[in-house]
Amino acid sequence: MARLSHRDMTAFETLYDRYGTLVYSVALRVTAEPEVAEDVAQETFLRLWRSPERYDPDRGRFVTWLLSATRNRAVDQVRTRGRRRKRETTTDTPQKEPAATQMADPAFAAQLSDVRHTVRTALRDLPAEQRQVIELAYYDGYTQQEIAGLLKQPLGTVKTRIRLGMRKLRAALASELKEL
Amino acid sequence: MKCADVGKILDAYALGASGPGEAKAIEEHLADCLRCWGRLRESQKAAALLFLAVPLKEPREELRRRIMAQAAREGHPESQGQVE
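As given, the protein sequences belong to chains R and H, one line each in that order.
If you read the first sequence in our numbering, its first letter stands for residue 1, the second for the next number, and so on.
If you read the second sequence in our numbering, its first letter stands for residue 1, the second for the next number, and so on.
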């Protein structure tokens, strides 16, 4: 990151090779449209290139910061452009994913794969109705009010499901969270 | 708003799902409450981890070329004035 602030192109390429697939995948999950996801990924990386100081190491690990920034930009796009089609859910049977060795930075991909497994398992183990509201909120960018409307459930029920689901996730991910 | 009430809605806030009124009330409370601020950070970290669960899909090679070309253009000292 320090090298980025000196406009080191090689450092930027390394950063892209390491995080490009993740950033694009998050953008695609939220927007469900490859072209829009590409635009979101491009803007996310270019903003970092323009102002690397946006990332403050005191506020957590780089990868989580980068993915949150990607998510927020993608949700903004979806809200601006309107929602197009139903998105697949995260816990659907995984489609063919790039194997760790196919990602541009294999060592990083391997390291990530354990954490990914833990997070996917934690999500999958949630009661379906709790997982659903969390996914609608975080991946699809709906507010609690909108979710209540979509699911035809009282707002209080949606709030409770989010709270219980997140409590379980925090417990399941406790060891990962310590490292953040 | 009391800490106990904020605690009940912090997770939704961390997920970006609070309505505007609720978000404002939380932010006002957080400005004076270090304890709830710490709880929010925990929620945000858990939320951020959720992104590691998305199905991975490789972007087209074209995207890398586009981003690098644009970065190279903007990185040129003469264009520094145009960047934000």
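For the record, the hints were derived by calculation from the structure and aren't laboratory data.
You may find that some hints are simply not true.
Restraint ranges, calculated between C-beta atoms of paired labels, are given here [claimed, not checked]: (1) A4(H) / T157(R): 16 to 22 Å; (2) R61(R) / E61(H): 23 to 29 Å; (3) G21(H) / R167(R): 20 to 26 Å; (4) R73(H) / G156(R): 48 to 54 Å; (5) A107(R) / E62(H): 23 to 29 Å; (6) G19(H) / T80(R): 16 to 22 Å; (7) H117(R) / A31(H): 34 to 40 Å; (8) C3(H) / P154(R): 21 to 27 Å; (9) K8(H) / G82(R): 30 to 36 Å.
Computed from a prediction, not measured in an experiment: that's the story for all the values here.
Virtual Cβ for every residue (Gly too), placed ideally from N, Cα, C.
Violating hint indices (sorted, rising): Violated: none.
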